[in-house]
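A.B. asks: Each chain, letter by letter, is given below.
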Amino acid sequence: MPDEVVREGLRGREFGLLAVVGAVAIAAGCLHLLGAPALVAFSAAAVALAGLAWTVSFATEQVGERYGPAVNGVLQSTLGNLPEFFVVLFALSAGEVVVAQTSLIGSVLANALLVLGLAFVAGAARSEDGIMRFGRRLPNDTATLLLIAVFIITLVGVSVASNDRASHHVKAISIIGACCLLIVYATWLVGYLRSDTEPARDRARLGLLASASLLAVAGVAAAFVSEWFVAELRPTIDRLGISEAFAGIVIVAIAGNAVENVVGISLAWKRRGDLAVSVIKNSVSQVAAFLFPLLVLCSLAFTHTLTFSLAPIYIVALLLTAIIIWQITGDGEATLFEGAALVVLYVILAAVTLYE
Amino acid sequence: MPDEVVREGLRGREFGLLAVVGAVAIAAGCLHLLGAPALVAFSAAAVALAGLAWTVSFATEQVGERYGPAVNGVLQSTLGNLPEFFVVLFALSAGEVVVAQTSLIGSVLANALLVLGLAFVAGAARSEDGIMRFGRRLPNDTATLLLIAVFIITLVGVSVASNDRASHHVKAISIIGACCLLIVYATWLVGYLRSDTEPARDRARLGLLASASLLAVAGVAAAFVSEWFVAELRPTIDRLGISEAFAGIVIVAIAGNAVENVVGISLAWKRRGDLAVSVIKNSVSQVAAFLFPLLVLCSLAFTHTLTFSLAPIYIVALLLTAIIIWQITGDGEATLFEGAALVVLYVILAAVTLYE
Amino acid sequence: MPDEVVREGLRGREFGLLAVVGAVAIAAGCLHLLGAPALVAFSAAAVALAGLAWTVSFATEQVGERYGPAVNGVLQSTLGNLPEFFVVLFALSAGEVVVAQTSLIGSVLANALLVLGLAFVAGAARSEDGIMRFGRRLPNDTATLLLIAVFIITLVGVSVASNDRASHHVKAISIIGACCLLIVYATWLVGYLRSDTEPARDRARLGLLASASLLAVAGVAAAFVSEWFVAELRPTIDRLGISEAFAGIVIVAIAGNAVENVVGISLAWKRRGDLAVSVIKNSVSQVAAFLFPLLVLCSLAFTHTLTFSLAPIYIVALLLTAIIIWQITGDGEATLFEGAALVVLYVILAAVTLYE
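Residue numbers (my numbering), protein chains in the order written: chain Y, 1 to 356; chain R, 1 to 356; chain X, 1 to 356.
Because the hints were derived from the structure by calculation, they are not lab data.
Warning: the hint list may mix true and false statements.
[Claimed, not checked] Stretch-level coverage of chain R by chain Y, calculated; a stretch enters the list once three of its residues show a Cβ under 8 Å from a Cβ in chain Y:
#	region
1	137-145
2	153-165
3	169-183
[Stated by the list, open to error] Have a look at the derived ranges for each label pair, beta carbon to beta carbon:
#	chain 1	residue 1	chain 2	residue 2	range
4	R	ASP274	X	VAL71	31 to 41 Å
5	Y	VAL190	X	ARG165	45 to 55 Å
6	X	ARG165	R	LEU33	32 to 42 Å
7	R	SER266	X	ILE242	55 to 65 Å
8	Y	VAL190	X	LEU39	34 to 44 Å
9	X	SER93	R	ARG239	38 to 48 Å
10	X	ARG137	Y	GLY135	17 to 27 Å
11	X	ALA231	Y	VAL190	39 to 49 Å
These figures come from a predicted structure and were not determined experimentally.
Cβ coordinates follow ideal geometry from the N, Cα and C atoms, glycine included.
If we strip away everything but chain Y, and leave its shape as in the complex, we get (with noise of 0.2 Å):
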């Protein structure tokens, strides 16, 4: 890593952070291996993994501040969701497909939810008429891409529930659908990185090199941890009595993935709203339309493949949301009633979770 750049470019802070992140992900990897206490590896893993995160996102933005803000935008959510991608894979090799599956809706529903409704809260207080408003593209797209990811998930879904004859096809249907999305999802792509006509102003503070280095470092730790992470989940969940699917939809949900979209709620609260919409809904979308089906892909070469079927309350869950998020965003307006209404919905959500 070229020093001059860094030290150039790194603030005090960052470069403060940066060593935290890398000391926390040392002391994770040394609490693993040593067979620390289940509870304390793990939530050294958790908050390793929420930092590489937050390291990834610094990292990529980086890069991408050499572009427009769109292409900015989706670059930094490919490469934001990379620990999950990791935590995902490893579940999968370690055979726990509950905890897998759940984290993905997690990080959908986490996002969508959670988060999006806190940066209305802030945005809705920081403006003089309570109302946030940003362009009603985006979230009409998002709205789309993830009312076709919940068409899949739901068909397949009711297809197990009734038990017929396609029930007993769910993998071939679920790769029939995972291209499917995937071909939506580059389409979509396409036309939101060509409708970028905002001129790119280079604002990195550090050198291309310097960037890649710090990504392809972060991006590397992140797998790693990633594989304590998932090691030390088992014994976590069976020490505290919680259930997999509280572990998945907010446990994991929320150290893979959520954290770094923290930086769309202080957008937000800049009366930055279109920024902030568009980190959020982006991760959204991506995660649904994106993320899930490259995994049911990838899955196909472990023991225990991802498909789209999912248990039924999270089939309800994530169509009711598409449809919420829908209702409220379309409009390119939020209010501070609309924000509670989102964060009220995950809690509720959390609640059912933590009793499954």
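Starting from the structure of chain Y, add chains R and X where the hints point.
C.D. replies: Using the frame of chain Y, we list chains R and X on its own:
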């Protein structure tokens, strides 16, 4: 009751109506206590209850005319739900949980489909271009509130239907859900009342003391009549051979709640589209997001508790109603065809419950 | 048929096409009556049916050109559904209830997803800014009609699935629902035809007598071919080993109904977005809110009656399709990505039914 104010303020027709309501209420009491045939006693109690709902609504209007339209509207629907509140409470204490639940859902559906549909038919018929117009904010807020309530109800319903672990904690989840709903409703209410910028014109024709006295008398009478109404309901159901569901969804819902909203239809006919929609929509969202959760919490004091666990058919009816009235009213316009569509949905629903 | 009008009015290509359709229809009849292999006879009947659907559509257009676009559009989709009507009727009389039901649902889904999606792809590709534009009223009315039909279908489906008391009265509820749907459709139709303020320009190239004769001949031929088509369907299904659901949703739906709507795709390509959406959307709402209830009532004369009770997978597919096409078309704009999304949904649906 100060005579001079009543003489000054009440029109002859209103005075007559109040007298009739009083007489019917007394008659209903006598019939109940003297053990008249169930059908007669029940009919008298139903008419008295509808009359008292109108009286409460009228007295509240006299109090509310001192404030702007938003305060007035909320005050009216809150106190106007008093008879409904008593009926559900007495039904629960009599162990009639199905009637309690279905009368709450019936209130939502009768107002959202039947009353709103008839208001649209009236409003569109009287409009020059066949389109009734109204503000878009309230219909969309109502859709949000209704969808939040439906989210909780559906999650609980799916959990119960799939008999998973959370289904053994329906009561706890309902309590959390009820608190969440009340918080969202309160957040909405504060924002809605603040938006009431129209200056209040004092058009009250009754003094505050007279209005409050009328309100108090009508409220107490509503409590008594509700008890007789519920007591006569079971023998009437057995006598007529109708289903509990039909009794709750149609008879109790219309007698206890929908009659007062007939005022919404007459407002639409008088080309006051905004106020018509406000009265009806406020009633819908209030029953779903305030009265229902409030009664869930109140019912903790009873042997038979009220939860958000409903039969699948009502869950689906609520979900589709929430979606359809959002689809129809979200654009701030309603045609004859859209009004007819809503009325027809209520007819189908009533037909299905008749066979339950 | 008056020769001079045909000579004047028909272009060479059209005359040739009509001749081919006639020849194929006769060939289909011979193959069926002479006991040709099922696959050959079925294919001939399918091609003849699609050709007759086009012929009916063409003749109706010649009649309809005397009226404004709304009358013309409704006339076309009504008579254009004639082949579909015959197919369902013959399927019911042959006891093929699953084929009858799935071909109706397949008509709705093939038009709403496949044909509309392809029209959007064509229209967006030919638009300068990649966005195809059209009026918002019709898509929203279609969404309302579709949601009303889905409401009835879903209520019946949930009742049957939960095996409650109403599930023993599916026939009675279907009759009430059918009458309700027809009333709503009639109310909508009156308003829609009245709104047709554009002056009618008589662009018909065929005399009224010639058009009516062509229509009558094509209609009668469609009835015959439908019977052969249905008769050859069962041996073809057995021969190919495909599911009844796939035969209904894909093969019958496309041959009996969707082919004629290909005109919608070519209209979108010619940048006539409004007319394209009108042709396709009218077809969707008419099958759902007119043809389906009409056939429910007609089927009362048969041993095997048609009801609104469908398999759960079709209920969910219809519900989600209604929501998604409203979400995509409600704003009067469609992009390439949205067209691709709709096409992909049909592909997934076809894949699922293939495995049923």
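A.B. asks: The structure should be examined with respect to each hint, and the outcome stated for every one.
C.D. replies: Each hint tested on the structure:
no., hint, verdict
1, 137-145, "holds (count 5)"
2, 153-165, "holds (count 9)"
3, 169-183, "holds (count 8)"
4, R:ASP274 - X:VAL71: 31 to 41 Å, "35 Å, holds"
5, Y:VAL190 - X:ARG165: 45 to 55 Å, "54 Å, holds"
6, X:ARG165 - R:LEU33: 32 to 42 Å, "35 Å, holds"
7, R:SER266 - X:ILE242: 55 to 65 Å, "58 Å, holds"
8, Y:VAL190 - X:LEU39: 34 to 44 Å, "41 Å, holds"
9, X:SER93 - R:ARG239: 38 to 48 Å, "45 Å, holds"
10, X:ARG137 - Y:GLY135: 17 to 27 Å, "25 Å, holds"
11, X:ALA231 - Y:VAL190: 39 to 49 Å, "48 Å, holds"
Hint violations for this structure: none, all hints satisfied.
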